[in-house]
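Chemist: What follows is the residue order along each chain.
2 protein chains.
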Amino acid sequence: MKAKIHITLKQGILDPQGKAIEHALDSLGFKSAANVRVGKYMEVELNEKDKAKAEVEVKQMCEKLLANTIVEEYRYELG
Amino acid sequence: MKAKIHITLKQGILDPQGKAIEHALDSLGFKSAANVRVGKYMEVELNEKDKAKAEVEVKQMCEKLLANTIVEEYRYELG
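Chains A and B, in that order, give the protein sequences.
For the first sequence, the residue numbers in UniProt numbering are 1 to 79.
For the second sequence, the residue numbers in UniProt numbering are 1 to 79.
For the record, the hints were derived by calculation from the structure and aren't laboratory data.
Treat the numbers as computed from the prediction; the structure is a model and nothing was measured.
Possibly wrong hints are sitting among the right ones.
Identical chains share a label here; the pair holds if one copy fits it or two copies do between them.
Straight line, CA to CA, 27 Å or less: simulated DSS-like cross-link-like pairs of lysine-lysine [what the hints assert, rightly or not]:
{"hint": "1", "residue 1": "Lys2", "residue 2": "Lys64"}
{"hint": "2", "residue 1": "Lys2", "residue 2": "Lys19"}
{"hint": "3", "residue 1": "Lys19", "residue 2": "Lys4"}
{"hint": "4", "residue 1": "Lys10", "residue 2": "Lys31"}
{"hint": "5", "residue 1": "Lys19", "residue 2": "Lys49"}
{"hint": "6", "residue 1": "Lys40", "residue 2": "Lys10"}
Use the sequences and the hints to build the structure in full.
Modeler: Next up, the structure:
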């Protein structure tokens, strides 16, 4: 089973990396780009057939290691 | 219009960050996790109503700035 995990900054948390990209895009002539937010995307293969168990595991991985839940939020799909 | 962009390493390109996460997960007791691949996820707001034009723009942004097309591939959704 494969987990696709998105980790993004919570609403309201400043995103300096996004701001830098926004400025770079502007300098390159992409004037219509705004509000760039940067996050992480991870794919993890799980040696686990049971979807419910896999879900518990992915949630724990995100809470314990992958996301900093003070400033980030995560979502995942299993398939 | 909002673009959701995924930038991932091409198949076959080594992912040391993914390997590090894999080892960390293993140390934390997540023995079933394997093949971790890490990529970037970006959201960009475009001040552009025309979907075809927005698509051209996002493609150019990826090619010129966001992705390193030698080792990375990108995909996007507009909505």
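Chemist: Any hints from earlier that this structure breaks? Give me their numbers in increasing order, please.
Modeler: none
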